[in-house]
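Undergrad: Each chain, letter by letter, is given below.
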Amino acid sequence: MRISVRALLLFSVFVVATCGLVYELVAGTLASYLLGDSVTQFSTIIGVYLFSMGIGSYFSKFFNRNLIAWFIQIEVLVAVIGGLSSTILFLLFNHVVSFRIILYMLVSTTGILVGLEIPLIMRILEDRYEFKDLVSKIFTFDYIGALLASVVFPLLLVPYLGLLRTSYLFGLMNAGVALLLCFFFNKEIRWIGYLKTTCILAIVVLVAGFILSDRIMSFTESMAYTDKIVYSAQSPYQRVVLTKNDRETKLFLNGNLQFSSADEYRYHEALVHPGLNSISNPKNVLVLGGGDGLAVREVLRYPDVKKITLVDLDPIVTEIFRSHASLASLNGKSLASDKVEVINADAFQWLRTNTQQYDFVIIDFPDPSNYAIGKLYSNVFYNLLNASLAPDGIVVIQATSPFVAPNSYWCVVNTLQSCGFNTLPYHAHVPSFGDWGFVMAQRSPNWKLNTNYSNDLRFLDGKTFAQMVVFPKDMPSRQTEVNKLNNQVLVHYFEEEWAQLVN
Amino acid sequence: MKKPGRRNFIFKSITALGGLAATGGSIASCTTSSKKAITGKLLGPSFKAGHLLRKGISIIPTQVEETDVVIVGGGVSGLAAARWLKQNSDKEILLLELEQETGGNAAAGKNEQTSYPWGAHYLPLPNNSFTALLDFLHECKVITGYNEAKLPVYNEYYLCFDPEERLYINNYWQEGLVPRWGVPQKDQQQISRFQELMDELKDAKGSDRKYAFDIPLANSSADTQYRDLDKLTMLEWLLQHELTSEYLHWYVDYCCRDDFGSSLENTSAWAGIHYFASRKAEAANSEPHRVLTWPEGNNWLVQCLRETCADSIRTNAMVYNVTEVNGKIAVDFMDLRTQKYKRLLAEKCIMATPQFVNQRLLNNIPAISAQRKYERFNYVPWLVANITLKDVPQGKGFGLCWDNVIYGSKSLGYVYANHQQVALFPERKTITFYYPLADDKPAVARGKAYSSGYDYWQEFVLHELEKAHPTIREQVEALDTWVWGHGMICPVPGFIWGEEKNTSATPYADKLYFAHSDLSGISVFEEAFYQGISAAQHVLNITVA
Numbered sequence: 001m002r003i004s005v006r007a008l009l010l011f012s013v014f015v016v017a018t019c020g021l022v023y024e025l026v027a028g029t030l031a032s033y034l035l036g037d038s039v040t041q042f043s044t045i046i047g048v049y050l051f052s053m054g055i056g057s058y059f060s061k062f063f064n065r066n067l068i069a070w071f072i073q074i075e076v077l078v079a080v081i082g083g084l085s086s087t088i089l090f091l092l093f094n095h096v097v098s099f100r101i102i103l104y105m106l107v108s109t110t111g112i113l114v115g116l117e118i119p120l121i122m123r124i125l126e127d128r129y130e131f132k133d134l135v136s137k138i139f140t141f142d143y144i145g146a147l148l149a150s151v152v153f154p155l156l157l158v159p160y161l162g163l164l165r166t167s168y169l170f171g172l173m174n175a176g177v178a179l180l181l182c183f184f185f186n187k188e189i190r191w192i193g194y195l196k197t198t199c200i201l202a203i204v205v206l207v208a209g210f211i212l213s214d215r216i217m218s219f220t221e222s223m224a225y226t227d228k229i230v231y232s233a234q235s236p237y238q239r240v241v242l243t244k245n246d247r248e249t250k251l252f253l254n255g256n257l258q259f260s261s262a263d264e265y266r267y268h269e270a271l272v273h274p275g276l277n278s279i280s281n282p283k284n285v286l287v288l289g290g291g292d293g294l295a296v297r298e299v300l301r302y303p304d305v306k307k308i309t310l311v312d313l314d315p316i317v318t319e320i321f322r323s324h325a326s327l328a329s330l331n332g333k334s335l336a337s338d339k340v341e342v343i344n345a346d347a348f349q350w351l352r353t354n355t356q357q358y359d360f361v362i363i364d365f366p367d368p369s370n371y372a373i374g375k376l377y378s379n380v381f382y383n384l385l386n387a388s389l390a391p392d393g394i395v396v397i398q399a400t401s402p403f404v405a406p407n408s409y410w411c412v413v414n415t416l417q418s419c420g421f422n423t424l425p426y427h428a429h430v431p432s433f434g435d436w437g438f439v440m441a442q443r444s445p446n447w448k449l450n451t452n453y454s455n456d457l458r459f460l461d462g463k464t465f466a467q468m469v470v471f472p473k474d475m476p477s478r479q480t481e482v483n484k485l486n487n488q489v490l491v492h493y494f495e496e497e498w499a500q501l502v503n
Numbered sequence: 001m002k003k004p005g006r007r008n009f010i011f012k013s014i015t016a017l018g019g020l021a022a023t024g025g026s027i028a029s030c031t032t033s034s035k036k037a038i039t040g041k042l043l044g045p046s047f048k049a050g051h052l053l054r055k056g057i058s059i060i061p062t063q064v065e066e067t068d069v070v071i072v073g074g075g076v077s078g079l080a081a082a083r084w085l086k087q088n089s090d091k092e093i094l095l096l097e098l099e100q101e102t103g104g105n106a107a108a109g110k111n112e113q114t115s116y117p118w119g120a121h122y123l124p125l126p127n128n129s130f131t132a133l134l135d136f137l138h139e140c141k142v143i144t145g146y147n148e149a150k151l152p153v154y155n156e157y158y159l160c161f162d163p164e165e166r167l168y169i170n171n172y173w174q175e176g177l178v179p180r181w182g183v184p185q186k187d188q189q190q191i192s193r194f195q196e197l198m199d200e201l202k203d204a205k206g207s208d209r210k211y212a213f214d215i216p217l218a219n220s221s222a223d224t225q226y227r228d229l230d231k232l233t234m235l236e237w238l239l240q241h242e243l244t245s246e247y248l249h250w251y252v253d254y255c256c257r258d259d260f261g262s263s264l265e266n267t268s269a270w271a272g273i274h275y276f277a278s279r280k281a282e283a284a285n286s287e288p289h290r291v292l293t294w295p296e297g298n299n300w301l302v303q304c305l306r307e308t309c310a311d312s313i314r315t316n317a318m319v320y321n322v323t324e325v326n327g328k329i330a331v332d333f334m335d336l337r338t339q340k341y342k343r344l345l346a347e348k349c350i351m352a353t354p355q356f357v358n359q360r361l362l363n364n365i366p367a368i369s370a371q372r373k374y375e376r377f378n379y380v381p382w383l384v385a386n387i388t389l390k391d392v393p394q395g396k397g398f399g400l401c402w403d404n405v406i407y408g409s410k411s412l413g414y415v416y417a418n419h420q421q422v423a424l425f426p427e428r429k430t431i432t433f434y435y436p437l438a439d440d441k442p443a444v445a446r447g448k449a450y451s452s453g454y455d456y457w458q459e460f461v462l463h464e465l466e467k468a469h470p471t472i473r474e475q476v477e478a479l480d481t482w483v484w485g486h487g488m489i490c491p492v493p494g495f496i497w498g499e500e501k502n503t504s505a506t507p508y509a510d511k512l513y514f515a516h517s518d519l520s521g522i523s524v525f526e527e528a529f530y531q532g533i534s535a536a537q538h539v540l541n542i543t544v545a
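Quick mapping for you: the protein sequence lines, in order, are chains H and G.
By UniProt numbering, the letter at position 194 of the first sequence is numbered 194, and the numbering carries on one by one without gaps.
By UniProt numbering, the letter at position 97 of the second sequence is numbered 97, and the numbering carries on one by one without gaps.
In case anyone wonders, no lab produced these hints; they're calculated from the structure.
Some hints here could point you the wrong way.
To be verified - The calculated DSBU-like cross-link candidates involving lysine-lysine, where the alpha carbons are at most 35 Å apart (straight line), are:
#, chain 1, residue 1, chain 2, residue 2
1, H, Lys-132, H, Lys-187
2, G, Lys-396, H, Lys-228
3, G, Lys-390, G, Lys-141
4, G, Lys-41, H, Lys-228
5, G, Lys-340, G, Lys-511
6, G, Lys-110, G, Lys-205
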């Protein structure tokens, strides 16, 4: 047995080096994902880590007895801190003010502990090797470990295991080495029982983390919302999450805010009334998208309207907004109204087969952030719409922010015009979203608007609407290409413009 | 409404990462041990009939019918001929098709979600000079009208939706098929130089003032400066122009395999350049280089062709002998449904069949069989697979496109059949995988293709797809394969402007005419359509412009 002690200790050097570098890379990658600017993140993290190793090495001189026991103890600490580091960072990201402080504290703690280990192991081995052999062997294994880590991390670990599992796996390796050493030096160490127990505890925690990492992941996702989640569901099309605090209720689809109860009335009043109030004697109204029933609520203010057809892809959304008490109170139980028919279908396909004509059509689709949704803003779609519009009918379309995404906004306007529509662009301030854009479209070039809005409205009145059609100097109309199925320019515009904002 | 805030954006990327982590473990654990059993069928054109024909049938049918014109073969050329005759004459015609359906290699299938192609699946925007084709497209509302500049306005449901193409290269999906991602500067320069040369050749005209490369290719210039390119291979031409980049070679090789099923070393330089330089379309509402496509591929066009002549078509009719009897053409066939033998006597006959079939059918006309050198016609076998997936795995880089190609793969990658549907989120996705067996001699490759069973091909297809989608196996719900023994005529050097093609296309005794894309030398819809129409014009004694 004695013969392989040296080998075992050198193997520990190798594991320590590999694991140490992996933790550093995990921290760097995570920081790049969460904070952006990977160059800064990686270089500061590598710097802090190396410096901390220096601190660890310095402090190693204060350890004088029971070196192997200390080594094992430190190894267990590295295992636990390193193994849990990525989970801790994910969990805390949205909930602490100074995320960076925690990040660098974790990195430097790991660095200090790893920095302690190499000097300790050199001293453990000092009697077993000549000095020149010792230095050569230790550093050889140290650097090989580093190479292995840096190659395996991007090629295998991140793609196949992900960051959480990688951390747990390498934590397990650290803990495994510690446990192995415990058995090897069974007789030489005084508090062996205690050490073994901590090793096993660490292993249990890490294995649990490894197995549960999927759940942890979905939990960290739910942590993304600042408020309490009162409802969440996964439909075939999207993740529906509803949050609530003292002041407001918010709906998120795939993590994107759809509305906040604090200011959604601004959005929906602006969406519905300028058009619908201008139609004399509207009978049939079509709503495409808008499964939350909030636009329908506004339409129901017009007693002349006999029938409202709501076409929304997602049955989960229309169902919760019909049956969930607090949501139904938001839309005034609009979806339960006798006038409303809810159809869960793909709007494009539904429109192709529709033969009915509508006096007013509200289009409230998600923003054109991908090629699938981009189709719903194409000239082909608007030509279909034309066929479903009554002779004096009006269409209104939500068209993203003309301030943040002017090319996207004006692309919707220009695409409508290319299909022979006359357009009336306007915009409103909705605090949760910013400056938001809408377009009305009709066949006739003469707009006969009725701006005598009901006094019951909270936001819209004649004076306000007069301002809404004014586009100030910094957001003038622009020429864009027409969005077609075979060019999908709108998706390109949209990606470009919103990417600038988020990066 | 709906703005992606910064945090949401970030968390999207993390959940994506988490998704990777979540599936990562299972990949590692199930690549070797627990392969899911995937079921499917091996399909293909009637082998049995082909076998019967090779053995030869010597029965002379006693049941005889008469008609004006018989068309043998219901592929695109046969249908185009039938349509033309219906529209431009009152001749009684009969079209005999061996299979249950007409359409030749523009076959298609269907599942609950979508139709999908089993062969030819797109039509590049046609040259505006090819008015016969434009008229047909207008007739079936692919062209909805013409603008003030007289440019065709294409139906936007049929123009390929964006995004059109992506290439998996260096572990990344890049947009477009021309290799760019991680491609060294000097290779990119060669690729640009190649593209400039092709642009020059696109406009080039010969001494007869015809385009050097045109469609139909018969309209191309006879100038030897260009036609002599047919004597070189595409590889030799590239090397002559000091175009040595392996990325460029892969790309041109891919294009040759895509259009002709043949490799760089085996394709005539004239044909190879024709791929890049012959298309000069102009459209009112599309860029010139785009394509028309349908979920069922060119079978959609086949159905339009068929509509004009549906009542003259007899399917399951295996023609086994065509001969001259008392100044008429006798076409003997077996009705595969009733197993009965019949003879059609016609004034004129169009053989809209490939030459490897004519080789079996025309033995009893010595004047024909003595002249022909059928062995000069090489046909590449193809393997096509349709795979229904729960979802196409999201790889790194650009999202799912219509055409998805994997760099370095011998296959042509896959085409997304649901792409032309307007529905946003199909419940199941179907992709069509194409693989020309271009590496062996056609006869050897054909033997291999036929002797390999379904299991072999299933594994082959999955293996190729796994190069870009390591987890695709878990998504597969059904995988069917189809072997085309004679998928495409191969334009080997010297074939397109060689003697044999002309000899085989020469009508016999003003009674028997020939129409098939193998007589053009390249297997594309435009050529088949042109062959059919010009044979029909010959039948009516109209001089072809």
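Undergrad: Of all the hints numbered above, which does this structure not satisfy? Sort the numbers upward.
TA: 4, 6
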